[in-house]
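Asker: Since the structure of chain W is provided, determine the placement of chain X on it from the hints.
In case you want the letters, here they are:
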Amino acid sequence: MTTTTEERRTYGYADLPRLMGLMTGDEKHGPAATSTLDVLWVLYDRVLRVGPRSARDPGRDRFLLSKGHGPMAYYAVLAAKGFVPVDLLPGFGSYDSPLGHHPDRVLVPGAEIGSGSLGHGLPIGVGTALGLRAQGLDEPRVWVLVGDAELDEGSNHEAIAFAGPAGLDRLHTVVVDNASATHARPGGIAARFEAAGWSTATVDGRDHAALYEALTAAHPGRPRVVVARVEPKYS
Amino acid sequence: MDTMRDRFAPVVSRLLDEDPRVAVVLAAIGTDSFAAAARRHPDRVINVGIREQLLIGAGAGLALTGLRPVLHTFASFLVERPFEQVKLDLGHQDVGAVLVSAAASFDWPAGGYTHMAPGDVALLDTLDGWTVHVPGHPDEAETLLRHAVAADDDKVYVRLSAQANARALPVDGQRTHTVREGRRGVVVAVGPMLDAVLAATEGLDVTVLYAATVRPFDAAALRRAAEGAAADVVLVEPYLAGTSTAAANDALADVPHRVLGLGVGRRELRRYGTLSEHVSAHGLDPRSLRERITGFLTGGRVAAHG
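Protein chains in written order, with the UniProt record's numbering: chain W, 1 to 235; chain X, 1 to 306.
This is chain X alone, in the form it adopts within the complex:
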C-alpha cells in the first residue's frame, strides 16, 4: 500500500493546477516529488532550503498577498523548530496556511529522537484557531488535504504518518464517526490508532469512535456517545498521551465522567529499531491497549506507560 506521504505531492500538484491561489513552500524535504509541478508552476513551488523559520515566514508573506500557502517538512521542523513563527507570522499576523507534516511521532525510529514529534498537536493546542487533521489512511489523507486547502484562509495542520489503518473511512474533515456501539464506555481512536483500538476492544461492550479531525474537537459526538454508554472515556492518540484529555473533559463538563488519555509517552526512549517496536514500547499495541482499557473500565488501576 502507498503511504499518506506518497499522496501528498500528487494531490497538491493537482490543486496547484486547478487553483492559482495555491502555493507550496518546501524546506529541502519532499522536493523531488514536486519536481514536475515546479516545472509547471515555477513561481508557486518554492524550495527555501533547510531554513524552517523562513519556511513559515515566507508562507505568511505569501498569504499576506492573497495566496493559499501549503508548507511542508517533517513535523519536528515544521511545528517545533519554528514554533514562534507559527504563533506570530500566522496567528498574530492573522493569516492562514496549511501545514502538512511527515514523520509524525516516530515514523523513522532508526532516525532517533531528533526526528520524532509526539508533541506537535499539543503545541498547536496552545494557539487559537487551528484545525488539526490526523488521517488514518492514505485515502483519508487525500480527502483531508483537499479540505485543508479549500478551507478559506484557515490555519490547518495535516499530520501525515507512515502508520495507517487497513481501510479508509469516509471522513468529512469535521465529524467523529461511530464505528461500534456498546454500553460500558467510549473509546476514541484517533487516526492511525483505529485498527489497534478495534483489535484491542474486540468482544468488549464499548462504543468506539473514530476521529480523523481532532481540532476542533467533536464534543457533540463524544457527548452523544457518553449518553448511550457509561461516561468513561478512553482516548487513544498517536501523539503525546493526554493531548485531548482537556477537550474531552470540557465536552463532558456537566456530567460525571472519567477520562483516560493514552498515547505516546513523554519519556525519551533512546531506542532506534522499528515502528512496531515503538508502538509496543508506548503501550499502543492491541494487547497493551486492551489491558489498559479493560483495567480502566473495570475501575482498576491502569499501568502508566512512558
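If we strip away everything but chain W, and leave its shape as in the complex, we get:
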C-alpha cells in the first residue's frame, strides 16, 4: 500500500469512537459498545509487528480476527493504523464497499482472514503457525481473536487440543469474554486451554496496561491464551 505523508495523520485511541461512528452513523460509541475495541487497540498499537507497509512481508506478525461479527472496531483500528483509508468507513456494508458486516480478507487491506462463520480462525491460525515454522520463520507471531461464545463451536477444540501438545509457541489466542456463551462455567475457558498445555492469563479486557502485560509475557514452548474479560453482553 502506498501512503502519502499529506494524507497520513495520526489517530489515537480517542479517535476510535468517531471512526466507528462513520460506519454506524452513531456518534456516541463508548468503548463498551464493542467488546473487542480495547484488545484490538492494544494489539495494533503496541504488540503486533505489522503495519500497512509490511502487510505482505513474510516476517510480519499475523492477526486473525476469528470473531467476525461486529467488525466496526476492527475496521476503525485498521483505519487508525493506516491499513484502510478512513474515507471507506462511511460505505460500511454497502454494495461497493470492501467493508462488510463480516470481513473478507480478499477485500480488506490488512485483514489476514475472512471471518463470519464462527470457529474457523483458530484452526487456520494453527496452520499459519505450522507454515511459518516449516519455513524457518521463527520471529513472526500469530494471534487469533475469538469470542467466548465462539468457543461453543467444536472446531476450536480440535485446534486447542492440537496446539498445546504440538508446542506451537508462536500461536496466541485472545478470548474476548463478555459472558455470552451458552452453558458456560466460570473459569472454564482458561481451564480448557490450560488442560491442553497452553500458557494462560485472565485479565480485565478494558485495562490497557494489564492487557499489554498479558499479551507480551514470555511462554516458552507453549501456545498462549489471554482471556480478556469485559462487561457481560446480557446483564
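Everything labelled a hint here was simulated from the structure, so no lab data went into it.
Here are the computed lysine-lysine pairs in the DSBU-like style, where the Cα-Cα straight-line distance is at most 35 angstroms: (1) W/233 with W/81; (2) W/233 with X/87; (3) X/87 with W/81.
Treat the numbers as computed from the prediction; the structure is a model and nothing was measured.
Answerer: Just chain X now, kept in the frame of chain W:
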C-alpha cells in the same frame, strides 16, 4: 497389482523431497506410510489426529503462509464432514490445496455406509474452481497426483479408489480420451469404470470416451464426439449417478441431445459384503450397464437402479 493408495505416500514423499513448498497434513489415516518422510521433513508432515475440521483449517493456514498443502483422509471425512471448512477456509479465503481421498464410494463395503462417500464430487460441484481427478489406475493416480501438486495454488481433489482398470491410459490432467469410435451414441466412462464400460459396449456401435479428470468437464471432447455420433450420451461415473449430467447438458446446450447418468444410487443399501457385490447392486457391472446402455440408445425405457 498395487493400489492407487499404495502410490500416494511414495509419490508425495518424493515431492516433499523435491519441493520445499509441499506440506502434508494427515488426520490419523495413512500416517504409517509417511513415517519415513516425516523423519526427513518433521515440519512438513503433520498429523493432527482425528480432527478433520482442523485438517482443512490447518491446511488453509499453511497455504496462507505460501506452502502447497496436501490433505488426506477417507473421502467421507475429507469432503463431507468438514465441508464448510472446504467451502470457507479454502474457497472463501482464496487459497489452494490438494485434497487426496481414499475409500471412494464403497471401497470398504464391510465398513458400511459411514465410510462411503458417493456424494463427494457432487458436493464439490456446489463450489467454484475445483479441479477433480478420478484416476482409473495406480499409474494414472501417480501422474494426476503430480499434476495436482504442481497446479500452482489451485484447489484440486484427487479421488483414489481400490477400484481400478487393468491398464493405465496416458492421462494429462485435462483432456478426455477417445477409446473407441462409433455412430450410435457416446458413452463416457469415468476413472475406474472404464473396463466395465468397455466390456459392456463390446460389439456396440458407440463411441467410448474416457475421463480421468472430470472438473473442469471436457465439454469440447463431448461435443466433438457427439458430432461424429448420435448426440445420445451415457455417463458412467463411479460416484453418485447423474453427478455430471448437468455438465454434459451444458456442453450440448445448443444441439438436440439426450443424456443418461449412471453411477452409484442414492438409496442406502444397508449391506456389507464385497466391492463387486456393491458394483452389481448399483447396476455398474458390465451386464447391467450393457442392458441400460442399449435400452437407452434404442429409445426404450431404462430400469432405474438405486
